[in-house]
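Undergrad: All chains, full assembly: derive it from the sequences and hints.
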Amino acid sequence: MSQTRLRAHRPARPLLYLMPAIALLAIFFLGPILVNSVIAFTDMGVNLRVGQFTLLNFERIVQRDGRIPMVLMTTLIYVGSTLFLFNVGLGALLAMTTTAIPEKLGNFFRGLWLLPRMSPAVLYGMLWIWIADPTPSGLLAQVTIALGLPTVNLRNDYPLMLVVLANGLVGASFAMVILTSSIRSIPAHLANAARVDGASEWGVLRHVVAPALSQPIRFITIYQALSLMTTYEYILLITGGGPVYDSTPYALYIYRRAFENGAYAYGAALALGLMVIGVVITLLQWRLTDMRSTFAAPKIEVL
Amino acid sequence: MAQITLTNVSKSWGETRVLKPMNLTIEDGEFVAILGPSGCGKSTTLFLLAGLYAPSAGEIAFDGHDVSRVDARDRNVGIVFQSYALYPNLTVRENIAFPLRFKSVGKPETARRVEEAASLVQIGALLDRRPSQLSGGQQQRVALARALVKEPNILLLDEPLSNLDATLRIAMRAELKAIQKRLGITTLIVTHDQIEAITMADRIICMNNGEIAQIGTPDDLYRRPNNLFVAGFIGTPPMNRVKGHATGRVLKVADESFQLSADHSGDVTFGLRPEDISLVAPVDAPLSGLIASVEPMGREVFYTVDTPAGPIHALEYGETVRHATGASVGLTWKPELGLLFDATGDRLGGLHPDLSHSADSRTAALQPAL
Ligand SMILES: Nc1ncnc2c1ncn2[C@@H]1O[C@H](COP(=O)(O)OP(=O)(O)O)[C@@H](O)[C@H]1O
Ligand SMILES: [Mg+2]
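Chains F and D supply the protein sequences, listed in that same order.
Just so you know, we're using UniProt numbering here: the first sequence kicks off at 1 and counts up by one.
Just so you know, we're using UniProt numbering here: the second sequence kicks off at 1 and counts up by one.
The set of hints was computed from the structure by calculation and includes no laboratory data.
Even for Gly, the Cβ is constructed at its ideal location relative to N, Cα and C.
You may find that some hints are simply not true.
[Claimed, not checked] Heads up, incomplete: computed chain D residues facing chain F, CB under 10 Å, no partners named:
(1) Ser68
(2) Asp71
(3) Ala72
(4) Asn76
(5) Ala85
(6) Ala143
(7) Phe302
[Unchecked claim] Covered stretches of chain D, as calculated for chain F (at least 3 residues, CB under 8 Å):
(8) 46–55
(9) 94–102
TA: This is how it looks when you write it as structure tokens:
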């Protein structure tokens with residue numbers, strides 16, 4: 001008989017295991033926020049020199065910067081329409097249609113929609129510039145000329161619509177992928193039960209599919225709203241935020257103020273504002289949609 | 001309430017044929033079980049009746065009306081799925097009321113019928129819970145109430161008891177049967193459990209490999225199986241099956257010879273149920289051997305006897321173990337209980353080996369003259 005000693009259960013050391021994650025968060029997340037917060041209270045410009053600590057940047061945001069109301073409006077339209085029409089609406093539609101058709105065809109379509117996400121942003125931006133180009137070589141111009149319609153200059157006349165389209169067509173694939181798996185995980189016989197109970201195919205969509213999608217849609221809404229508020233790469237590439245500031249949402253405005261005008265400290269103050277807006281929206285949505293209920297208990301016990 | 005008729009109904013998924021052409025009639029108010037091993041096409045048959053699958057060929061009729069191309073929602077059938085398929089986002093009350101949403105049933109009427117269906121299956125106290133807060137047995141009752149609330153013409157049950165524990169299963173068997181008799185509703189229950197089929201159903205459809213092996217009362221299937229499949233599938237422990245060869249009136253099994261009640265020639269299988277065998281003294285018994293194992297099972301004792309024809313199982317009722325392992329015993333049975341099947345597995349009706357001549361034929365077998 002071998003001498004096996006029964007060792008009592010000892011709690012693991014959570015701090016030890018979390019250390020790498022905590023370190024990463026501190027260096028790449030908390031650190032920048034701290035630096036940004038400090039810069040926001042200075043008069044730093046392109047020379048990176050701090051002359052004095054001041055509240056002037058905040059006073060400028062609230063009182064003197066006349067572009068702020070318009071930028072906020074642009075942000076609301078841009079985020080709102082991209083989010084609801086494309087990132088959630090089109091994504092859900094794609095998920096539902098590609099799971100309703102034969103599986104191979106569905107996979108093909110989903111693959112197609114994922115392509116722009118996989119291609120480099122610059123290439124995708126160039127594509128849209130070519131589409132919108134008002135000269136006879138542009139795609140849209142070729143179509144309008146062939147149909148005998150007047151040419152439109154999308155980048156000049158409808159810049160916001162153009163950036164919503166460009167962002168939305170890429171953004172829809174996120175919801176498409178998540179919602180496809182949600183639809184797939186609906187027990188097969190639930191739809192059959194509804195059919196026997198008297199539901200039409202629309203009824204199945206409404207009573208079986210829609211309820212299964214509501215939780216993931218809440219998550220997608222929160223996640224995509226934040227991501228749309230803070231990213232601007234396609235806008236910068238396609239319209240550059242113009243003409244003038246017509247297609248400049250808040251995040252791009254920060255960039256333009258900081259790096260086009262060289263007002264680093266002012267940009268930092270604006271960025272702090274964006275952070276506050278983001279936190280407020282997240283907390284609001286957390287409360288309104290009962291996100292906590294979607295969290296599952298941990299599968300392994302560490303503490 | 002409805003009579004169901006299937007005429008040459010078959011089903012294929014692409015190239016694979018899951019159901020071979022099937023003919024059958026189920027009478028109004030009948031309780032019929034579809035019994036067969038896993039994957040033989042029981043659920044497929046049920047879903048064809050529900051209208052969830054369209055038949056590849058043939059006609060399904062309710063009360064003489066062809067419903068083959070009628071949508072599931074217009075067939076007025078109630079179905080309980082094996083997984084219960086309750087709507088997770090709805091309460092028990094809303095689940096049961098769900099089918100009534102699609103009928104012109106007013107609010108007070110809906111409430112009354114939900115209460116009625118719920119009390120029929122005894123879940124009146126659970127109406128405000130969600131499916132995730134119910135045990136398997138309770139979910140099964142909710143699914144049954146949801147199927148019954150619309151007063152369907154036909155009730156279809158797909159292995160409704162298979163996810164319940166043994167005690168609950170026995171209780172639910174009796175309860176389901178009582179509900180069916182009370183409502184008089186034409187009911188089909190799918191099961192792979194023969195006890196379930198035998199205890200509940202008026203008639204059993206025994207299926208194998210996408211075709212009907214036999215339709216009949218539980219007694220028909222047990223005592224007069226049409227073929228070896230039914231003979232082997234029905235009954236626990238299963239029927240003893242021994243290969244032999246018939247020439248004229250003589251049946252040879254291993255080294256033993258038996259007299260046949262009629263002429264037959266060719267390879268045959270001899271079948272005998274364990275409980276039909278009596279263990280006696282080896283002298284004068286048609287077959288004898290040594291006891292290889294003894295398993296007392298409470299009410300009965302299960303013996304395995306090594307005979308020249310191979311191992312034979314025998315059941316003796318009573319608690320006492322009367323024979324020890326290694327003892328030499330004789331096996332005897334009422335001749336008409338021994339069944340013979342031909343080379344293709346079909347039963348040879350009216351043909352049994354006769355025991356009275358066995359002593360002669362055994363001596364005859366020792367003298368190679370015969
Ligand atoms: N949708 C389907 N597509 C292809 N094959 C199927 C489908 N449904 C069932 N089958 C096949 O049909 C056979 C019978 O299935 P089923 O009726 O579910 O069996 P049972 O209920 O008797 O266990 C199985 O071999 C199964 O693989
Ligand atoms: Mg099945």
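Undergrad: Compare the structure with each hint and give your call.
TA: Now the hints, each set against the structure:
The restraint placing D:Ser68 at the interface with chain F is violated, with a minimum CB-CB distance near 16 Å, outside the 10 Å limit. At a threshold of 10 Å, the smallest CB-CB gap from D:Asp71 to chain F is about 8 Å, leaving the interface hint in force. Checking D:Ala72 against chain F by beta carbon gives a least distance of about 4 Å; that is within 10 Å, so the hint holds. Checking D:Asn76 against chain F: minimum C-beta separation of about 9 Å stays under 10 Å; hint holds.
For D:Ala85, the interface hint holds, since its Cβ comes within 10 Å of a Cβ in chain F; the closest pair sits about 4 Å apart. For D:Ala143, the suggested interface contact is upheld, since its CB lies about 8 Å from the closest CB of chain F, less than 10 Å. With its C-beta approaching chain F no nearer than about 39 Å, D:Phe302 sits outside the 10 Å limit, and its interface hint is violated. Check on the segment 46–55 of chain D: 4 of its residues sit with their Cβ under 8 Å from a Cβ of chain F, so the three-residue criterion for coverage holds.
Interface restraint, the segment 94–102 of chain D with chain F: holds (4 residues with C-beta to C-beta distance below 8 Å; minimum three).
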